[in-house]
Amino acid sequence: MADVLTGRMRHLPGDIAVWFFIFAELAVFGIMFIGFGVARSMDPATFTAGRAALHPWTGLINTIGLITASYLVALAVHRLRDYRAGTSGLLWGAIAASSIYTFGKIWEYAQLYSEGYNLGTDTFFMFYFFLTFFHFMHVVLGQVVLAVLAVKVKKGEYTGKDMNGMESGASYWHMVDLVWLVLFPMLYVLA
Amino acid sequence: MLAVYITLMLCTMGPVVAMQAGVDPGILVWMVFGLVLVKAVLLVDHFMEMKHSPWGWRLASQGWAIVMVAVLAGIHLAS
Chain A
15 MADVLTGRMR
25 HLPGDIAVWF
35 FIFAELAVFG
45 IMFIGFGVAR
55 SMDPATFTAG
65 RAALHPWTGL
75 INTIGLITAS
85 YLVALAVHRL
95 RDYRAGTSGL
105 LWGAIAASSI
115 YTFGKIWEYA
125 QLYSEGYNLG
135 TDTFFMFYFF
145 LTFFHFMHVV
155 LGQVVLAVLA
165 VKVKKGEYTG
175 KDMNGMESGA
185 SYWHMVDLVW
195 LVLFPMLYVL
205 A
Chain B
248 MLAVYITLML
258 CTMGPVVAMQ
268 AGVDPGILVW
278 MVFGLVLVKA
288 VLLVDHFMEM
298 KHSPWGWRLA
308 SQGWAIVMVA
318 VLAGIHLAS
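Heads up: the protein sequence lines correspond to chains A and B, in order.
Positions 15 to 205 (this note's numbering) are the ones given, in order, by the first sequence.
Positions 248 to 326 (this note's numbering) are the ones given, in order, by the second sequence.
Hints listed in this document are in silico derivations from the structure and should not be mistaken for laboratory results.
Since we're looking at a predicted model, the values are computed, not measured.
In this text, a Cβ means the ideal position worked out from N, Cα and C, and glycines have one as well.
The reader is advised that the hints may include incorrect statements.
Chain A stretches covered by chain B per the calculated footprint, using a threshold of three residues with CB under 8 angstroms from any CB of chain B [unchecked claim]: (1) 23-31; (2) 39-50; (3) 68-75.
Footprint (simulated), chain B over chain A, 3 or more residues, beta carbon under 8 angstroms [stated by the list, open to error]: (4) 79-89; (5) 191-204.
Cβ-Cβ distance ranges computed for the label pairs, FRET-style [to be verified]: (6) A:Ala161 / B:Val318: 34 to 40 angstroms; (7) A:Ala124 / B:Trp277: 30 to 36 angstroms; (8) A:Ala63 / B:Met256: 35 to 41 angstroms; (9) B:Val270 / A:Ala161: 39 to 45 angstroms; (10) B:Gly303 / A:Gly174: 22 to 28 angstroms.
Looking at chain A on its own, in the form it has when it is part of the complex:
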């Protein structure tokens, strides 16, 4: 009986279509990560030299920005579900926190470019620019999604009664964060 009840109470956050999209995205990132690992194993010296040119503290600050944003989004979901005020503010806070990442990344690209690094420098930088820019675009899309959620919550279009839209947007955002949790150490520490 307890199992039946537990089974009924289990709930996938967000729309199932969003979850298929999330898993498709994770698969794409996964294939690229495996490609990175294989390329690194074939030429470790190039990857170690490339990693030395990166700024690990910038990467760390970017990560702190993304994790803080994810925390604020998770709080926003709880707040909306509990019919409490402040959801919209938390979502705008998440956008602000994630902007640390977007501006940090732009700064890092500018720094590397001014030092003469680009997609054609070597295999490491081809992967670095391709992977991080692909992820960067996902973060920007996530920020747009969070902004739309914040506006809709403020207008009263999203309430705790129907969490589908809010949970779908939040799940997408957390996926972006999940990818970065693997990408960051892979590029800045392991390479």
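Model the placement of chain B on the given structure of chain A, informed by the hints.
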């Protein structure tokens, strides 16, 4: 939720601080693999709220990070 956030922060800072402190790269690699797994499980279970989702979905979302770490660790060992 705050405890999860603090743990994620500590797990993120750990490898970078260890790298700057000159920890042996051989140890650092395995430290990173372990911490990535911890962070991924925490994020998926608590922030994504997959802890309360049907088990198959939870397993699939946690499994992505586990498979990634396993493959990267395998490539690392083989190289």
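Evaluated hints:
1. Remark: the stretch 23-31 of chain A is confirmed as covered by chain B, as 5 of its residues place a Cβ nearer than 8 angstroms to a Cβ of that chain, reaching the required three.
2. With 4 residues having a beta carbon nearer than 8 angstroms to a beta carbon of chain B, the stretch 39-50 of chain A meets the requirement of three or more and the stated coverage holds.
3. For the stretch 68-75 of chain A, the assignment as covered by chain B holds, since 4 residues bring a beta-carbon within under 8 angstroms of that chain's beta-carbons and 3 suffice.
4. Counting residues of the stretch 79-89 of chain A whose CB lies closer than 8 angstroms to any CB of chain B gives 7, so the stated coverage by that chain holds, three being the minimum.
5. With 10 residues bearing a CB less than 8 angstroms from a CB of chain B, the stretch 191-204 of chain A meets the requirement of three and the coverage assertion stands.
6. Separated by about 35 angstroms at the C-beta atoms, Ala161 of chain A and Val318 of chain B satisfy the suggested range of 34 to 40 angstroms.
7. In this structure the hint that Ala124 of chain A and Trp277 of chain B lie 30 to 36 angstroms apart at CB holds, the actual value being about 34 angstroms.
8. At roughly 30 angstroms, the beta carbons of Ala63 of chain A and Met256 of chain B sit outside the given window of 35 to 41 angstroms.
9. One distance hint, 39 to 45 angstroms for the beta-carbon pair Val270 of chain B and Ala161 of chain A, holds here, with the actual separation near 40 angstroms.
10. Under the hint 22 to 28 angstroms, the C-beta atoms of Gly303 of chain B and Gly174 of chain A, about 27 angstroms apart, fit the expected range.
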